[in-house]
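Following the hints, position chain B against chain A.
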Amino acid sequence: MGIAWYGIWRRLWEGLSGAVRIGGKLGPIRGLSSLGGLCLAVCVDPQHARTHEGRDHLVRLIEWSVELGIGTVQLFDGCGSLAAASEELVEAIKTHRQRHRRWNPLSPAASSWASPRADGAGRRVQVRISGHSGQGYHTIASQRAGEENWENLAEKEEPLVTSSDVTVVRLLTPRNGRKAIAEYGSWLANLDSFTRQSEDDRKAKIEEVLREDPLSIMAGGEPNLLIAFGSLPSVMGFPCWELRLTQLYLQRDLRTFSRSDFEEILLDHVSTPIRFGR
Amino acid sequence: MGSDDVILALAAVFFVCLSYMLFDVGMLQLLKMRVTLPRVLRKEILSAVCMRDGLGGPPRHIAFIMDGNRRWAKRQGLRATDGHPRGGDRLLEVLQWCMDAGIDVVTIYAFSIENFKRSETEVESIMKLAKEHFDRMCEDGDLVQECEFRLRILGDRKRIPQDVRESMDRAIEATCHHRRRTLNVCFSYTSRDEMLTALDMAIRNRSGTQILDEIEVSRHLFTAENPELDILIRTSGDHRLSDFLLWQSSFSHLAFPKATWPEFTFYDFVNVLLEYYGLRSERHRMDVKMNLP
Numbered sequence: 001m002g003i004a005w006y007g008i009w010r011r012l013w014e015g016l017s018g019a020v021r022i023g024g025k026l027g028p029i030r031g032l033s034s035l036g037g038l039c040l041a042v043c044v045d046p047q048h049a050r051t052h053e054g055r056d057h058l059v060r061l062i063e064w065s066v067e068l069g070i071g072t073v074q075l076f077d078g079c080g081s082l083a084a085a086s087e088e089l090v091e092a093i094k095t096h097r098q099r100h101r102r103w104n105p106l107s108p109a110a111s112s113w114a115s116p117r118a119d120g121a122g123r124r125v126q127v128r129i130s131g132h133s134g135q136g137y138h139t140i141a142s143q144r145a146g147e148e149n150w151e152n153l154a155e156k157e158e159p160l161v162t163s164s165d166v167t168v169v170r171l172l173t174p175r176n177g178r179k180a181i182a183e184y185g186s187w188l189a190n191l192d193s194f195t196r197q198s199e200d201d202r203k204a205k206i207e208e209v210l211r212e213d214p215l216s217i218m219a220g221g222e223p224n225l226l227i228a229f230g231s232l233p234s235v236m237g238f239p240c241w242e243l244r245l246t247q248l249y250l251q252r253d254l255r256t257f258s259r260s261d262f263e264e265i266l267l268d269h270v271s272t273p274i275r276f277g278r
Numbered sequence: 001m002g003s004d005d006v007i008l009a010l011a012a013v014f015f016v017c018l019s020y021m022l023f024d025v026g027m028l029q030l031l032k033m034r035v036t037l038p039r040v041l042r043k044e045i046l047s048a049v050c051m052r053d054g055l056g057g058p059p060r061h062i063a064f065i066m067d068g069n070r071r072w073a074k075r076q077g078l079r080a081t082d083g084h085p086r087g088g089d090r091l092l093e094v095l096q097w098c099m100d101a102g103i104d105v106v107t108i109y110a111f112s113i114e115n116f117k118r119s120e121t122e123v124e125s126i127m128k129l130a131k132e133h134f135d136r137m138c139e140d141g142d143l144v145q146e147c148e149f150r151l152r153i154l155g156d157r158k159r160i161p162q163d164v165r166e167s168m169d170r171a172i173e174a175t176c177h178h179r180r181r182t183l184n185v186c187f188s189y190t191s192r193d194e195m196l197t198a199l200d201m202a203i204r205n206r207s208g209t210q211i212l213d214e215i216e217v218s219r220h221l222f223t224a225e226n227p228e229l230d231i232l233i234r235t236s237g238d239h240r241l242s243d244f245l246l247w248q249s250s251f252s253h254l255a256f257p258k259a260t261w262p263e264f265t266f267y268d269f270v271n272v273l274l275e276y277y278g279l280r281s282e283r284h285r286m287d288v289k290m291n292l293p
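First to last, the sequence lines map onto chains A and B. With UniProt numbering applied, the first sequence covers 1 to 278. With UniProt numbering applied, the second sequence covers 1 to 293.
Same shape as in the complex, but just chain B:
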């Protein structure tokens, strides 16, 4: 191999590396500009972020507190209740991103028991919107069906109006055959109510004088059949869990992007994933250095 060939080979390697760098930089700039990317490109980006070797694969379970619908609506000059339909549309997009990222379980905080304290008009409009969404899930063209999510409703069903409950049941029935992915919708839910229910069931199912431990209580939580929660995201910059998955999120990666839920973009989503992976590998290196388990 002559010196010319060596120079050519080196030049080729240099230009390939440069093109990868420019591609990454270019992609980052596109993401920062919040350009709407075609799905093919989004899938490639998510694949590059989540499925590289050595990362342990994509997060298995991610949760969202979809905060900020009303604030977004007010900023747009709309009525506060007009923010919820936009939030619903954003949810469907986010489910698609999660599917493309290989995330199998998504849990969302749709309606808290505390939210019943809102005005009757708002509660009614949310219930109506929820019913519309659940009815749509029964249809074949719906995104939840297309993404093959199995629907589960977590919460105190007794407080939910009858017609919404029936709609939920139909949607659960329509999606029960999907096995790969699960969408947990926390509706009429608080984490404390969940822990009380789990503890009560653990006590009732206790055999003899068995001592209850935290593993036994965990087995009775609403999310017992799901993997451990990897990431919890709350939009709108409010740094609280607000009675959502308190037990499950004890060791999860918490992210509080400033964007409201309707403004939560693919860029924000990828940012959270990059932070999750980046900090995890940094922590692993530190633990190895300190000989920590």
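Just chain A, same shape as in the assembly:
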């Protein structure tokens, strides 16, 4: 009972501090209610990726993303620890979701301004990781709407579900970055038709291949924003091709990163215009 009251108090406090930090505006925040098309990238340094504590904080961040209706979350670390510990991560997500529903009967949304389904209860989470052979993305776990159990789909290829009630979590490694670009270079070099074209046509073909990503070895989309957690302000080797217009938020410590910090970043992102060079 004490834990339940603590959970209620914590949610109230987060909501209040979030309201104060975002300028005291109470009421719907324009933009935060339509995050289904948003692709969020989260980048962590080895210090966070290799420890259980760091992964627990990442799971919390995933849960916030689910609650706010974010469409895609790309998780990256430069040593591939997260992808290597994908099973453990999936278990942690499952446990967190179950515990979350059991101990926090009130709506967990720190902001009542998020999407109507702010508690994320009806939302699916699909965790995907590129296969060991480097070919294609395999869904390793998926929880369907309204069901308690998680479906284990290890090593089974499944087309990406682009539905408004799914949050896809993609686990990325350095293999999805520069290595993938070089791999496509090798792939194209073996095509006779490629080498016989003009320079402009070759470059157009390379761009098309990197965009279409037929082998599913790239990051799987350009993130709208990237939150990097590390002692140095850098993107730590996140796949570079996709970072063209990504808004970067460089944070020091994942452990002290709160839900209101997260919402503040999202709010800043939706209110910042992109000029596209104009």
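Some hints here could point you the wrong way.
[To be verified] Have a look at the derived ranges for each label pair, beta carbon to beta carbon:
#1 LYS158/B with THR256/A: 20 to 30 Å
#2 GLU53/A with ASP135/B: 54 to 64 Å
#3 GLN197/A with ILE215/B: 23 to 33 Å
#4 MET51/B with ARG252/A: 23 to 33 Å
#5 ARG60/B with ALA204/A: 42 to 52 Å
[To be verified] Within a straight-line C-alpha distance of at most 30 Å, the following computed DSS-like cross-link-like pairs (lysine-lysine) qualify:
#6 LYS158/B with LYS203/A
#7 LYS258/B with LYS43/B
#8 LYS258/B with LYS203/A
#9 LYS205/A with LYS117/B
Hints listed in this document are in silico derivations from the structure and should not be mistaken for laboratory results. In this text, all values refer to a predicted model and were calculated from it rather than measured experimentally. Ideal placement from N, C-alpha and C gives every residue a C-beta, glycine not left out.
Quick look at chain B alone, frame taken from chain A:
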């Protein structure tokens, strides 16, 4: 040695330390006040920041996204295009700071392929300004020549107007004998175009059935002959790379000072350097503690 001598020696040490502290505090206050410092003093400060023992020397390669010229002009009540000449003047000052700091390679994002989407008037005025700058670089008194920077132009030259291209070529020729420092001007450039060009060249230069790896692709980037990028600075507080040096900046220190480019001061520059060194040594201590490579 009597007790009086010991007391005198201790007092001397105390006052010397106090004077260093006051000097540092005083300098910091001067920097915060954005007082225009004489060059001699700037050199001393940069030397103190970059060339202390144990820091590994000054950054070898620094890049700038010179954002905010138009916003600065609007705030001054000028036309948006009037911000670019001021930005050009600021660039020359920054090059001098980099030289004084011992930084050998400076890369700037002068004009993106995407910037061709701007109004014709603005594009023309930028091209005219660029041509003036490149023509000035051919003269002996120019700051780029004085700072002994070798000019390189990185980007898709086909899109650049003929007269600007000729001006660029003359400036490259006039500065080619400088070996120590390099100024990379990214003009008609995007990082994706650079990566496509590098990959295409790597494929064409591939021997037999050699498998391409990222090192081979890196060797064909426009900045292949330069050291790795240490610091990337984008002014105006916009936290994006905007298709600039995406490959090269994967592990670089990123800084996003809020000042627009014309307002980017020596204080802001030193602040970035202090942060770069401070975080690096903190990270090194942490890595040693965690036995990380």
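Do the hints match the structure? See the list:
{"no.": "1", "hint": "LYS158/B with THR256/A: 20 to 30 Å", "verdict": "violated, 50 Å"}
{"no.": "2", "hint": "GLU53/A with ASP135/B: 54 to 64 Å", "verdict": "holds, 59 Å"}
{"no.": "3", "hint": "GLN197/A with ILE215/B: 23 to 33 Å", "verdict": "holds, 26 Å"}
{"no.": "4", "hint": "MET51/B with ARG252/A: 23 to 33 Å", "verdict": "holds, 27 Å"}
{"no.": "5", "hint": "ARG60/B with ALA204/A: 42 to 52 Å", "verdict": "violated, 35 Å"}
{"no.": "6", "hint": "LYS158/B with LYS203/A", "verdict": "holds, 15 Å"}
{"no.": "7", "hint": "LYS258/B with LYS43/B", "verdict": "holds, 24 Å"}
{"no.": "8", "hint": "LYS258/B with LYS203/A", "verdict": "violated, 36 Å"}
{"no.": "9", "hint": "LYS205/A with LYS117/B", "verdict": "holds, 24 Å"}
Violation of the numbered hints given earlier is confined to hints 1, 5, 8; the remaining hints are satisfied by the structure.
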